[in-house]
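Engineer: Guided by the hints, dock chain B onto chain A, whose structure is given.
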Amino acid sequence: MSKRLTRRNFLTQGAAIGCSVAASPLLTPVSFAAAPTDNRLVVIVLRGGLDGLDLLRPRQEALLPVLRPSLSAGNKGEIPLEGGFGLHPECAPLYPLWQAGQLAFVNAVSTPYRDKRSHFDGQDLLEAGIASIEGDGVRDGWLNRAIGGMKGVDVRTAYAIGAEPMLLSRGDAEITSWSPDVDFILSQQGVSLMQNTLRGDPEMSAAMATAMGLASQSGGGALDSADLEEAMDMMMNPTGKSARRAHVRVAEFAADRLREDARIACFSLGGWDTHFRQSNTLRAPLRRLVDTLLTLHNRMGAAAWQRTTVVAVTEFGRTAAENGTKGTDHGTGGAMVLAGGALRKSGVLGQWPGMDEAALYERRDLMPTDDVRRWMGWALRSSFGLERSVLETEVFPGIDLGDDPRLLA
Amino acid sequence: MSFSSTLAAHRFGYGLSPEIASPKSVNAMLRALRGRDRAATQFALPPVSDVHALTAEFRRLQKVRRKALRAGRDDGPEQAAFDAFKKTSRPEISLWTVQGVLRRVWSEDGLRERLVDFWTDHFAARGKNYDFRTNEAHYAETAIRPYVSGKFADLLEAAVLHPMMLHFLDQNASVGPDSLFARRRPKQSRGLNENLAREILELHTLGVGGAYEQKDVRQLAKLLTGVRAEHDIELRFEPRRAEPGAETVLGRSYGGTERAELEDVQAVLRDLAVHPDTAGHLARKMAVHFVADAPDAEMVASMKAAFVNTDGDLSAMTEAMLRHPAAWQAARRNFKQPMTFLCSALRGLAVPVARMNALQGAGLQRYVGAPLRAMGQPLGKPLGPDGFSEADGHWLSPQGLAARLQWSLSAPVDLARPLPDPRRFVLDVLGEDVPKEVLFAAKAAESRREGVALVLMSPAFQRM
Numbered sequence: 000m001s002k003r004l005t006r007r008n009f010l011t012q013g014a015a016i017g018c019s020v021a022a023s024p025l026l027t028p029v030s031f032a033a034a035p036t037d038n039r040l041v042v043i044v045l046r047g048g049l050d051g052l053d054l055l056r057p058r059q060e061a062l063l064p065v066l067r068p069s070l071s072a073g074n075k076g077e078i079p080l081e082g083g084f085g086l087h088p089e090c091a092p093l094y095p096l097w098q099a100g101q102l103a104f105v106n107a108v109s110t111p112y113r114d115k116r117s118h119f120d121g122q123d124l125l126e127a128g129i130a131s132i133e134g135d136g137v138r139d140g141w142l143n144r145a146i147g148g149m150k151g152v153d154v155r156t157a158y159a160i161g162a163e164p165m166l167l168s169r170g171d172a173e174i175t176s177w178s179p180d181v182d183f184i185l186s187q188q189g190v191s192l193m194q195n196t197l198r199g200d201p202e203m204s205a206a207m208a209t210a211m212g213l214a215s216q217s218g219g220g221a222l223d224s225a226d227l228e229e230a231m232d233m234m235m236n237p238t239g240k241s242a243r244r245a246h247v248r249v250a251e252f253a254a255d256r257l258r259e260d261a262r263i264a265c266f267s268l269g270g271w272d273t274h275f276r277q278s279n280t281l282r283a284p285l286r287r288l289v290d291t292l293l294t295l296h297n298r299m300g301a302a303a304w305q306r307t308t309v310v311a312v313t314e315f316g317r318t319a320a321e322n323g324t325k326g327t328d329h330g331t332g333g334a335m336v337l338a339g340g341a342l343r344k345s346g347v348l349g350q351w352p353g354m355d356e357a358a359l360y361e362r363r364d365l366m367p368t369d370d371v372r373r374w375m376g377w378a379l380r381s382s383f384g385l386e387r388s389v390l391e392t393e394v395f396p397g398i399d400l401g402d403d404p405r406l407l408a
Numbered sequence: 000m001s002f003s004s005t006l007a008a009h010r011f012g013y014g015l016s017p018e019i020a021s022p023k024s025v026n027a028m029l030r031a032l033r034g035r036d037r038a039a040t041q042f043a044l045p046p047v048s049d050v051h052a053l054t055a056e057f058r059r060l061q062k063v064r065r066k067a068l069r070a071g072r073d074d075g076p077e078q079a080a081f082d083a084f085k086k087t088s089r090p091e092i093s094l095w096t097v098q099g100v101l102r103r104v105w106s107e108d109g110l111r112e113r114l115v116d117f118w119t120d121h122f123a124a125r126g127k128n129y130d131f132r133t134n135e136a137h138y139a140e141t142a143i144r145p146y147v148s149g150k151f152a153d154l155l156e157a158a159v160l161h162p163m164m165l166h167f168l169d170q171n172a173s174v175g176p177d178s179l180f181a182r183r184r185p186k187q188s189r190g191l192n193e194n195l196a197r198e199i200l201e202l203h204t205l206g207v208g209g210a211y212e213q214k215d216v217r218q219l220a221k222l223l224t225g226v227r228a229e230h231d232i233e234l235r236f237e238p239r240r241a242e243p244g245a246e247t248v249l250g251r252s253y254g255g256t257e258r259a260e261l262e263d264v265q266a267v268l269r270d271l272a273v274h275p276d277t278a279g280h281l282a283r284k285m286a287v288h289f290v291a292d293a294p295d296a297e298m299v300a301s302m303k304a305a306f307v308n309t310d311g312d313l314s315a316m317t318e319a320m321l322r323h324p325a326a327w328q329a330a331r332r333n334f335k336q337p338m339t340f341l342c343s344a345l346r347g348l349a350v351p352v353a354r355m356n357a358l359q360g361a362g363l364q365r366y367v368g369a370p371l372r373a374m375g376q377p378l379g380k381p382l383g384p385d386g387f388s389e390a391d392g393h394w395l396s397p398q399g400l401a402a403r404l405q406w407s408l409s410a411p412v413d414l415a416r417p418l419p420d421p422r423r424f425v426l427d428v429l430g431e432d433v434p435k436e437v438l439f440a441a442k443a444a445e446s447r448r449e450g451v452a453l454v455l456m457s458p459a460f461q462r463m
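So the sequences go chain by chain: A and B.
Per numbering that gives the first Met the number 0, residue 0 is the first one in the first sequence, and the count goes up by one each step.
Per numbering that gives the first Met the number 0, residue 0 is the first one in the second sequence, and the count goes up by one each step.
I should point out that these hints are in silico values taken from the structure, not numbers from a laboratory.
Take the hints with a grain of salt, since some may be wrong.
To be verified - Straight-line C-alpha distance at most 25 Å; calculated BS3-like pairs for lysine-lysine: (1) B/Lys127 x B/Lys66; (2) B/Lys186 x A/Lys75; (3) A/Lys115 x B/Lys214.
Okay, chain A solo, but in the shape it has when bound (with noise of 0.2 Å):
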């Protein structure tokens, strides 16, 4: 397949998710990469659009009853963190992590997109990490461009949870895609008529190439009827307790990868697209976020913890008022999170613009007053020590990174 994505591939690649639907967790990939460093980088996109106002009430505004009257009723549970915001109550089991200095938050950040509020678009672009998906469009994500920008990095475990490619870490970099939980059985023979048969189509080769080879790698050679068997199984009940806990498996299968050799993951959360009666809906995707958040620090063991940063990035923020059926609207302006030991300290940052209705963007959103991407690239900076002008040229193209924020310590 050329590399280089038509505007239209590109729509319909990052497409997953949909308006007002929470993502399917068995759908989410998860991509890995090692490199020759101790330093370790999770980042996650969360899909859907999360409300930042939401996650960090911002109690210091006057404004803050009028436009969200039900979101801000009552605060049992809430924790005060600093300069008057209050995270969520569903985070509670995040403040062990605040107190050790390992949890941060950025405030009115976004990606360049602006005014059409498109799950598809926002998300692509801030895959791409790049101004504007208008144009040449582009071919491949942020991430796999800042691997190709690291040296000696040795792409070995690579892997993808679910069906679906991740743009965010697509590229010339060589990253696959991998589900440990499937398997399936062919005879030498088979394998080899296969090989042939597909030898005209490059695309198909590679793919069933990668399939079989990891696939043997797990699987640990031949295959008889009994593992048919139990791996049939396995794929026809993806019902039940193990589907609903995806997330988790997720984040362990992150987890042990990273205590490991891999050094740099990816993946997706859903399920943020809070239109309606928000104050139930975005309790399960925060949920997930925290049961992930939690997972890689208990699983990972404090050596690899200690030298890990987690950036959690949504496609863009929500209306700062709530709407009329007590969800809220796409917006622009929003939050992303920060976590892991190797995090300088605690900290609620970024420039905070205010809600009153002149500083709203548009007089609808919170105020975008800086661009996420810069973030990104200091996170990536401050853990691989990738030269500026990389970033400023080819990762993020055209960013000025400004000022260390000294994420690190």
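Structural biologist: Leaving out everything else, chain B in the frame of chain A:
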């Protein structure tokens, strides 16, 4: 680059069948499409009233059970009745899915089935609770299927004003902020929800590159207030919930009469349906879906022109595609989506109707539901309102191919009885243009099972 019967089956149908003749000409394809819907009669769904009776009974039992729970009886006869109902109704509901599969596998008018799938995906909607999940098959049956060769305006109205879509995109809860309804309930502060309005413009009509702005989304959302429907009640319009005054969408004013009317909403949908950006968006999407990810520009232009010249006649647009030489380019590049792959395999295996009908809930899950999920296309469950990806690359993942191989190695053995000789099967499903490597693999395979799987996994079968 001219008509080929085999290519017509691969590209515009569900592939070749050893028991059903492929289309003889473009004229024959169009005649079938414009004629009677035989498959819908042969593999019929029960009337919508049956579905509503089922969901009404479900709700009644649920209510009784909840009452019992509140009274502290959590394991009484109420719970048992509720569980028994769920258990006995499940096979009936799964039979509707089987009927859908059978239409694709046994229809003589494959183009119609492919168009129904295409437009159902274009207007992707799914149930978020039991009632609406139970209605999914009937959404496609009543809001999409009758309109696939009619005017797009009729399809648009039927789909976006169907209770399923109003439920899926939160329209039922959207209320005009200055409506009577909202003003009477100041404490509830009820108001707008932009979800449906945005997707109508971005996905269903103009396309994300189309000539609309945020203010059009907002205005359309206001215009849509008052439109609502419950699962078992026809669409209705409640002026009390409608935002008073006129709204301006794409520079044109709608409504504004003293009493808001459903006609105002229908008027804006009619205008959006024939907008040139809608024509361009739909023509391209259809060409991508049926022919190639990078379709011939002239073919797309001719499809768009047919749409524009006929005020959005879908059969004219389909005809323009079928009559264009680029539709018959011999190289097959489009990679089958999982549902197309699975149904074309069943069609090639000529899996008997009785065998499919015998698949009750668990069997259907084992051979159809779970494998489709593993291939990345859960049955009738698009993740979002934009439906499933049209990009070949999306489906060409190692994981997706592994799941297809796994199905090819395991399902045909159980479903096709007897499993065909691969040497015959390869000709059944690939026809005259069978590549020599595939012919060789079918002969050299060490078992029937592997031979059939190798044919199904060949590029000549996977691409259309």
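Engineer: Now tell me, hint by hint, if it's right for this structure.
Structural biologist: Hint check results:
no., hint, result
1, B/Lys127 x B/Lys66, "holds, 23 Å"
2, B/Lys186 x A/Lys75, "holds, 21 Å"
3, A/Lys115 x B/Lys214, "holds, 10 Å"
Checked against the numbered hints given earlier, this structure breaks none of them.
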